[in-house]
Amino acid sequence: MNLGSKFSAPIIEKSVYGCLTRVVFGVDQAYLAEPGQFLHVLCGSEDGRILRRPYSLFDTASGTASILVKEAGPGSAWLARREVGEEIDCMGPLGRPFSFSIFDRPALIAGGAGIAPLIFLYKNMCSEGMEPSLFWGIERSGDYGDMPESILAEFQVRIASEDGRVGFKGTALELFTSQQPEDFSAIYACGPRGMLIELTEIMIGDRRARLQLSFEERMACGVGACKGCVVPASDPAGSYLTVCKDGPVFEGKELDWARLKSRVWQ
Amino acid sequence: MNLGSKFSAPIIEKSVYGCLTRVVFGVDQAYLAEPGQFLHVLCGSEDGRILRRPYSLFDTASGTASILVKEAGPGSAWLARREVGEEIDCMGPLGRPFSFSIFDRPALIAGGAGIAPLIFLYKNMCSEGMEPSLFWGIERSGDYGDMPESILAEFQVRIASEDGRVGFKGTALELFTSQQPEDFSAIYACGPRGMLIELTEIMIGDRRARLQLSFEERMACGVGACKGCVVPASDPAGSYLTVCKDGPVFEGKELDWARLKSRVWQ
Amino acid sequence: MGTPQEPRLAVEISGINLRNPLLVSSGTFGNGREYSEWLDLGMVGGIITKAVTLLPCNGNPPPRLWEVPCGLLNSIGLENKGVEAFLAEDLAWLNRFDVPVWVNVAGFSDEEYVAVAGMISDSGMADAIELNISCPNVKQGGLHYSSSPREAARLTAMVQKAVNLPLYVKLSARTADIKEMAVEVQKAGADGLSLINTFPAMAIDVETGRARLANVSGGLSGPALHPIAVLAVWEVAQVVDIPIIGMGGVWSWKDAAELMMAGADAVAVGTLNFVDPEAAFRIAEDLGSFAARKGFESVSELVGLTRRGGIV
Amino acid sequence: MGTPQEPRLAVEISGINLRNPLLVSSGTFGNGREYSEWLDLGMVGGIITKAVTLLPCNGNPPPRLWEVPCGLLNSIGLENKGVEAFLAEDLAWLNRFDVPVWVNVAGFSDEEYVAVAGMISDSGMADAIELNISCPNVKQGGLHYSSSPREAARLTAMVQKAVNLPLYVKLSARTADIKEMAVEVQKAGADGLSLINTFPAMAIDVETGRARLANVSGGLSGPALHPIAVLAVWEVAQVVDIPIIGMGGVWSWKDAAELMMAGADAVAVGTLNFVDPEAAFRIAEDLGSFAARKGFESVSELVGLTRRGGIV
Ligand SMILES: Cc1cc2nc3c(=O)[nH]c(=O)nc-3n(C[C@H](O)[C@H](O)[C@H](O)COP(=O)(O)OP(=O)(O)OC[C@H]3O[C@@H](n4cnc5c(N)ncnc54)[C@H](O)[C@@H]3O)c2cc1C
Ligand SMILES: Cc1cc2nc3c(=O)[nH]c(=O)nc-3n(C[C@H](O)[C@H](O)[C@H](O)COP(=O)(O)OP(=O)(O)OC[C@H]3O[C@@H](n4cnc5c(N)ncnc54)[C@H](O)[C@@H]3O)c2cc1C
Ligand SMILES: Cc1cc2nc3c(=O)[nH]c(=O)nc-3n(C[C@H](O)[C@H](O)[C@H](O)COP(=O)(O)O)c2cc1C
Ligand SMILES: Cc1cc2nc3c(=O)[nH]c(=O)nc-3n(C[C@H](O)[C@H](O)[C@H](O)COP(=O)(O)O)c2cc1C
Ligand code: FES
Ligand code: FES
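Chains as they are written, first to last, in numbering that gives the first Met the number 0: chain A, 0 to 265; chain B, 0 to 265; chain C, 0 to 311; chain D, 0 to 311.
Since the hints were derived computationally from the structure, they do not count as laboratory data.
Note that the structure is predicted; figures quoted are calculated from it, not measured.
Among the clues, some could well be false.
[As the list claims (entries may be wrong)] Straight line, CA to CA, 20 angstroms or less: simulated EDC-like cross-link-like pairs of lysine to aspartate or glutamate:
#: 1; chain 1: A; residue 1: Lys244; chain 2: A; residue 2: Asp234
#: 2; chain 1: C; residue 1: Lys80; chain 2: C; residue 2: Asp39
#: 3; chain 1: A; residue 1: Lys244; chain 2: D; residue 2: Glu277
#: 4; chain 1: B; residue 1: Lys244; chain 2: C; residue 2: Glu277
[To be verified] Computed footprint of chain D on chain A; a stretch qualifies when at least three of its residues, placed anywhere within it, have a C-beta under 8 angstroms from a C-beta of chain D:
#: 5; stretch: 35-47
#: 6; stretch: 231-242
#: 7; stretch: 247-256
Ideal placement from N, C-alpha and C gives every residue a C-beta, glycine not left out.
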């Protein structure tokens, strides 16, 4: 795992895919990050926001690192509107990445903007000679601009849309379960919490061990110091794990799904 | 005096004169304001500022109103950097304007950025057929770009610069006192508080009655409601006057100069 | 008073009908006059006037204002023209408008509070009294009462005897236990509570090493105060059964809704009036739209909603 | 400990030498480990560790964080692994670094506070203890003590007997009179004071009507708190003669200078660490430049400057 650092990076490229904006930072040539890790970005504040915002890395390549930003509120709106050339204050890469073995047959399941770390993972798996299957669920066909098409062209991916206008009609999970899920020896997922919970309800018992799920929680420090971003651990003592440092990727069996379900996410 | 209103106005023109930025707003054709009145402007906030910022009107003409902004801190910096086309939230015109009688022989004394309301006043006096004398003191010749030159070309104005490179070498007051001050039957001034205090020390006794001075104080409401922007009144009970509503223009005799001098302005 | 702008927005507290639950808070709206050019005073839910004292009061020397992150420090110090002039000039004038008026009463001794409150009550021109026992800007009077539940209760009881109007007591969050304070004040006869006043605070100019305010310290208002106000209302609403006017950093309808959900029966807009004189009215409208969107017949259904488990 | 980075910046409090007056505050820097990848721990003036309790403590359920205007609400609730593991794993590890360590001690009863403080003291691995009697996030323990000067003093005296390290007591601004609190705590034997802890506050999600934090209320930190902290330090510095560590919303060297001018002998950076792990060091450097610009030989000359009339 790579040690994070704090740096200021210029935006060197920007592209918009419907509700997602891809922001490409110019970084050190030696910059290394793994799928599942995130950048903790300081977004400008016109309304008294003071904390950074976490964004999963979408890819890193010689001297660049990029993220996909979905406008969810003022911080992400600010970030999505930066122009090429502006310098952005980042910390990262942070967090525990996905891990995989080249002997696995992996399924990657993405819900909405959760696609970012999974494409990164997909590419890394491919370059190890693996043949992952990627399932991506989107709400409406137009929501992500031409990203579905361009991804379809490049990757072995199956798309599900709730309006049925691209690919399978339904959710990513419905699509996945329609595809002999037992064939996959490892499952990687990122998306809305409801989707992750549903997935664990499908993958019960031992099969939970095969799950690696990327989680989200509100964060302050991003480095495990504040204990603000916790999720309930599966240990009987009722302890917690931090999403930023112990995660954001967790194995299915590490978490207490009963307690997770009762968490009020706002 | 005109009743103020709250309105959103587009910037229709911008020009920079050294440290001053002239911002011209597009306003209602019927918009009327008098010299000495100000606009209370809502400046964007990246640092948790919440209050408006007052700016003296520099001129109003059919459908436009302009101010001169000097960067003094984050609010004014924000305002000076707006672009043509952006909409700005303003309240105004506010405050008590200068008043004059066409039978007077007026001297107008401006220190630095205090020039804004006095040029406005000057023009109004001229259009009433008066012949005001305008004295403007600046620190260094380059500070205001080519404004001194363009003002010199247009108006009957005498400039003093502390470095002596334009006009008289010295302050506006030194220049003024070198010009038979007793010849003037009314004196109008706007500038640093020190300058205003000095002026009252020259104009003692009855002569204070001839002074009209535009004051500055930190403001919240701008309309006389909060009693935040007060200056000491000359009444023996030790009461206060509001700069925003009772002022910003005061007659010399209305204020308690002894108490004013002891005010710690930061 | 107050014909409702929309039936959904009408609320009643202490027998006073407000056309909407958005009042303007004491000291942030002058005595109405300054803002009457800016909006129809009948459009706000109610007006709480600036603190009035027995004798005219010059207030503190300037500077009286300093802006801090998401907040404002003020040390106005009860500048006002005294109760007689207030009654003759301001309250009489305010009575022309169809809007309920709370008169904020301050003093430098028990007797003053009682005298002023009595005069207001006797004038027949006010709808309610708000007892300001929490002004951070005066040495005596203000925080002295609000730092001790016993003192606060004693004063409340004394004033209650002198008035026949609903008596609201305005509390500060600078207290060890605002619940205890509220309970004691209710026991002493308060008809309602106003929560919260500005919080004592200070700023220094590091270039000179001097306090930013001539009075050294001042009261913090604005968004910085809002989460403290929400908790104050939440805590107090659980221990009293008199109406609460919530205030502190209301900057949007969401902030107003938060205070109501925490337990406030009405909400007052303060510092925001300085930025937008129409804020109270605008927020009331927005709150009405919110209530409509959520299917509430009356904004009153928001009151204490959090305690009842939220929107289900 | 602590070789000065610049002689001008070195300060001494309670016999402890700090290379600069900028500490990192409890709970905002983990136990140093999380940030050791981000900066050389020897570069900060001192580290105040996260609250430690007798037994391991899971803390409050999530959500534990909510951002508010210019501030942060947290309800971590003393999550920690208990004093034994803390001593063996964290404090022993921290001792490798050349930096003074204050250990923040919390508890759910008198006995726990005394036991934990005693163990820390006996370990010989800490430079000082910070008694956390003002945590807003636990039902017992925390605010119970800080709401009563008598209770605070009683606990201070008990703990003082059990330790032979400088004992700092951390106060909250949620108290009727922080001066009285400080005086009582000093009388009871405190060697220093930490001012201030987060302020109890709350936020509600108006879409659901539910509290933003699972624990309902939390502690407000960040710039919103700063002017309240400055006043707390100012008031307390006038009535005690033990050192004060000022904290609350320090976001720049100016904020640190303000606290020192108000009377703080040292300053702790809190929430800002989350945004910039190097903040304490950076602010110390900036403070050094400021002191140099103003011609001060030592940053200590800033302490209490406002009381002495400012910079003349
Ligand atoms: C590990 C991690 C990876 C993430 N990766 C991405 C990504 O690749 N692309 C992307 O667009 N977003 C991602 N997010 C979510 C992103 O951080 C939030 O959308 C952002 O912080 C919102 O900030 P805001 O100021 O725009 O909105 P706010 O006003 O702060 O919040 C708007 C809404 O966003 C949600 N939200 C806010 N903060 C978080 C958070 N830390 N985690 C989850 N939800 C939050 C809440 O539901 C809130 O109501 C990730 C979050 C985490 C924790
Ligand atoms: C009636 C009136 C008319 C004014 N006219 C003009 C004008 O025509 N052009 C112009 O450039 N400026 C004018 N000012 C001053 C202007 O309002 C301030 O420079 C501005 O508010 C600074 O805001 P800021 O956020 O940039 O800086 P801040 O960080 O708020 O302050 C920077 C410095 O500006 C000074 N300052 C701040 N607010 C005020 C204030 N209300 N009055 C006086 N000084 C203040 C203080 O010395 C402070 O240290 C006027 C002020 C008043 C009261
Ligand atoms: C400039 C100013 C003057 C105030 N004067 C009074 C007053 O006279 N009496 C009073 O009870 N409260 C007074 N307050 C407190 C407000 O009524 C209100 O309780 C407080 O500002 C919190 O609300 P806000 O954050 O919305 O401003 C004043 C506040 C400000 C900002
Ligand atoms: C996430 C978080 C956790 C905290 N934990 C503790 C703690 O364990 N013990 C303690 O005494 N103070 C704790 N505090 C309070 C801080 O030490 C500090 O007093 C407060 O945050 C004010 O400073 P700030 O505004 O710079 O953050 C915590 C603060 C935050 C934000
Ligand atoms: S955000 Fe601080 S521990 Fe995760
Ligand atoms: S700014 Fe409010 S009275 Fe002048």
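Hints, one by one, checked against the model:
no.: 1; hint: Lys244(A) <-> Asp234(A); result: holds, 18 angstroms
no.: 2; hint: Lys80(C) <-> Asp39(C); result: violated, 24 angstroms
no.: 3; hint: Lys244(A) <-> Glu277(D); result: holds, 19 angstroms
no.: 4; hint: Lys244(B) <-> Glu277(C); result: holds, 19 angstroms
no.: 5; hint: 35-47; result: holds (count 3)
no.: 6; hint: 231-242; result: holds (count 5)
no.: 7; hint: 247-256; result: violated (count 0)
In this structure, the hints that do not hold are numbers 2, 7, in rising order.
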